[in-house]
Structure formats: C-alpha cells, structure tokens
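Taking the hints into account, I'd like the entire structure generated from these sequences.
Protein chains in written order, with the working numbering: chain A, 2 to 292; chain B, 362 to 499.
Please keep in mind that the hints were generated in silico from the structure rather than gathered at the bench. Quick reminder that beta carbons are idealized off the backbone N, C-alpha and C, glycines included. Certain hints may be false.
Stated by the list, open to error - In silico DMTMM-like cross-links for lysine to aspartate or glutamate, where the CA-CA straight-line distance does not exceed 25 Å:
(1) A/LYS194 <-> A/ASP115
(2) B/LYS436 <-> A/GLU48
(3) B/LYS415 <-> B/ASP449
(4) B/LYS480 <-> A/GLU213
Stated by the list, open to error - Some chain A residues near chain B, calculated using beta-carbon distances under 7 Å:
(5) GLN42
(6) ALA43
(7) PRO45
(8) TYR46
(9) LEU50
(10) VAL53
(11) TYR210
(12) TYR212
(13) GLU213
(14) PRO214
(15) VAL219
(16) LEU222
Unchecked claim - Label-pair distances were calculated between CB atoms; the ranges are:
(17) A/ASP125 <-> B/GLN491: 45 to 51 Å
(18) B/ILE420 <-> A/GLN178: 43 to 49 Å
(19) A/LYS98 <-> B/LYS480: 43 to 49 Å
(20) A/GLU140 <-> B/GLN464: 29 to 35 Å
(21) B/ILE478 <-> A/ARG44: 27 to 33 Å
(22) A/SER149 <-> B/LYS365: 33 to 39 Å
(23) B/ILE367 <-> A/ASP125: 45 to 51 Å
(24) B/ARG454 <-> A/ALA24: 32 to 38 Å
(25) A/ASP38 <-> B/LEU397: 34 to 40 Å
(26) A/LYS98 <-> B/PRO398: 52 to 58 Å
(27) B/PRO446 <-> A/ARG44: 20 to 26 Å
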Amino acid sequence: MPSLKDIKKRISSVKNTQQITKAMKMVAAAKLRRAQDAAVQARPYAEKLSSVLGNLASREGTEGHDLLVQREKRRALLIVLTADRGLCGGFNANVSKGAERFVRENPEGFSDIDLMIVGRKGNDYLKRREGLSIAKVYENITGSINYSTASLLGQEVVDLYNEEKYDGVFVIYNAFQSAMTQIVTTEQILPIKPSIPTEESAGDAKIDYIYEPSRGGVLELILPKFIEVQIFSSLLESVASEHGARMSAMDSASRNAKDMIGKLTLQYNRARQAAITKELMEIISGSESIK
Amino acid sequence: MADKLILELVTPYKMVLSDTVDEVIAPGVIGELGILPGHTPLLTTLNVGELTYKKGTEIFHVAVNWGYLEVEENKVSVLVETAEPADDIDLNRAEAALGRAEQALKTLSSEQKDFTIMKAALDRALVRIQVAQKKAVK
Chain A
2 MPSLKDIKKR
12 ISSVKNTQQI
22 TKAMKMVAAA
32 KLRRAQDAAV
42 QARPYAEKLS
52 SVLGNLASRE
62 GTEGHDLLVQ
72 REKRRALLIV
82 LTADRGLCGG
92 FNANVSKGAE
102 RFVRENPEGF
112 SDIDLMIVGR
122 KGNDYLKRRE
132 GLSIAKVYEN
142 ITGSINYSTA
152 SLLGQEVVDL
162 YNEEKYDGVF
172 VIYNAFQSAM
182 TQIVTTEQIL
192 PIKPSIPTEE
202 SAGDAKIDYI
212 YEPSRGGVLE
222 LILPKFIEVQ
232 IFSSLLESVA
242 SEHGARMSAM
252 DSASRNAKDM
262 IGKLTLQYNR
272 ARQAAITKEL
282 MEIISGSESI
292 K
Chain B
362 MADKLILELV
372 TPYKMVLSDT
382 VDEVIAPGVI
392 GELGILPGHT
402 PLLTTLNVGE
412 LTYKKGTEIF
422 HVAVNWGYLE
432 VEENKVSVLV
442 ETAEPADDID
452 LNRAEAALGR
462 AEQALKTLSS
472 EQKDFTIMKA
482 ALDRALVRIQ
492 VAQKKAVK
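This is how it looks when you write it as structure tokens:
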C-alpha cells in the first residue's frame, strides 16, 4: 500500500502532465485551423490547373511528352510525408508503415523502389527497417509550408524523372479527412495521369483554343507546374492532418489524465480514512486497557 | 452575348480575386494581350509583369509572377504564382529588393545558375515598382 505522501506526489505529477497535454492540444487546435485554411485556399488553384491540364491533354493526346508517358517500369521513387515531431498518435507510424507496405507489396510492379522522406519521424522509423533504400531525407521543412518549398521538391523530382533515374514517382501522405480521421493515401504523381474530362462535360468546350506560344509549349510548361502543385497540396494536407492528429491525441491524453487523477484521489482519500480509523482504534483500545 | 468578363485570379495560396470586369490586359509570353468580352478560347503562358483590368471607369493594376491565362466563354482564369494588387505593394521593400538584385547581378556572369534566379528577382522587383507607382498617380 503506497503511503499518503506517495499518492500525493503521483497526483501532482499527473496534474503537471495534464497541463502540458492541454496546452499542446490548444496549440495544435490553433495551428490546425491555420493549416486547414491554407489547404482550403490552395484548392481552387489545384482544381483549375488540373482542369486546364485535362482539357489540354484530351486535345493534345499524351504522346511525345515524357511526363505523360509510362516508360518501362524499372525504378520508382516514393515520397513519404511525415512530421518532424511526435506526440501525434498514429500519424507518423501509419504513414511510415504504409510506405513500407508499398515497397514490400509493390502494387505497381516496379523492380526497385527508393524512398524520399520528408520529416524526421519517418526517417527515424524507416532507416531502422531492413531492405529499404532511402535516397534522400528532408527534415524541418514542414514547419512552415510555402509554395517555394514545394516547387523545389517538384523540380527535383521532375529532374530525376527526366534523367530516367526513376520511371515513376508516388507520394504517400495522410489525407486530411477531419480533425479525428486521417487517411493514408498513395498517389501517383509521375507519369502524370491527367483527369480527362468526360464526353458530357467536354461537349460544349470542344472549341479549339488559341495557344500562345504553341500547344506543345504550353503543355511543356504546365506539366512541371502541375507536379509542384500536387506536392504542395499534399504537403498542406499532411500538415493539417498532423495538427489534427496531435490535437485528438492530446485530447485523449488530457482525458486519461483526468481519469487517473480521479482514481488516485479516491485512493488517497481511502488511505487517509484508513489511517484515521487505525488511530481511533488505537486510542480506544488504549483507553480500554487502562480501565 | 454577354458584355462582361468574369475574371478569376488564383495563386497557390488563395483566390486573390473573383470579379466581373470589362477588360483584361495581361502580360503574355509573346507580348501584352488585351481581352474583351467575346474573346475566342485561348490558353497562354504569362510572363512576370503587370496585369490590368478595367471595371467601369476604374482601372486596377496587379503585379503577377508568371503563370497561365485561360479564356473560355467570357471567363478569364489567371493562374499565377504570386499576385499583388497595387495597394498591397510596399514600395520601399520593392526598391530594396531591386537594389539587392542589381548588386548580385554585377558579380555574376550569365552562365551561372544564380544569374537566372537573380534576373527573375530583378524583373519581379521592377514590375512591383512599376505597379506601385501607378497606384500613386491614380
């Protein structure tokens, strides 16, 4: 049976932890709101670009553009988006495990898959696993996402692809569903699969465009941009998911702490009562023996 | 035929503008182009430059950093990396950026990789100053 003092100490330490988790939850909630706004505001651009590309590709056909054509499947690159910090529930573990599974199961049938990892936590996990080849690691870039970060990543990926180092590029990240749920999603970003508009919606838009400088020229420029935008939006989603995951993890941690404090307080009161009863018994039996 | 254009100006960060306007003048890659209602469908890339649009008698200027412009049935969608309306531009900052870019360009030769980057920075700063000054005149 722990002494009264021990229990008291326990209670105060749990209280301290609870304060920390509460504060972290609040911070995560504030950051989540900001990240969510950013993700929502970035959406029109991505949608526009995707529809422009779809229109263009449906007229142009996919031939002749390296970024649109599937080469022989030799090496692939998988970009894994994780967080730099922990304490966010299953966020990092889920996406890291998803990446590992992707490499082991290899659903696309590449002969080799390299990893490019964004975020310290993903690297911590994946570097200890056997049989994975990590090509590159980026840390501390998810703190403040801006478009230039994504555009640098995008350019690097496009360069690697053009050099034929890789014949396919995928990205795996936590797609933001709500603050509570994140879904690990794998997307192919290279070669680009444009969303060709359906016959119905394209019906009245079939008028031929004027292209400046030229059709091919426009497509040439728009394709790398499209990659950048895709990476940008998955980064934003990943960051929003991270804060969401941290918020719910910290929320349940605070709740657990509250339960624990309740239990400990009960235990403390019982122990105190037992001590009082014991003392009373002693006094009574003492006075009894004097009689 | 509708006699207005719907102009949408979008950057990766947000939708900057969505408005009904009378005329759009954009910095196309092979020269400035003006778009009036009833324009043929068009898709073009844009340079770093100044995008102007007219709404009634008012004229607005926006500094844009290259992207795309699509015209489709009186709807003009502009996708650019950055877009700064004249009112938002800090003239002092733009001038400082111009000075920095000029300094850097002096030390670089045109073969170096940084040269193109700094050249782009120079262009951006110039456009920004140009746009900001127009606001002052207005």
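Under the constraints set out in the numbered hints, which ones does this structure not fulfil? none
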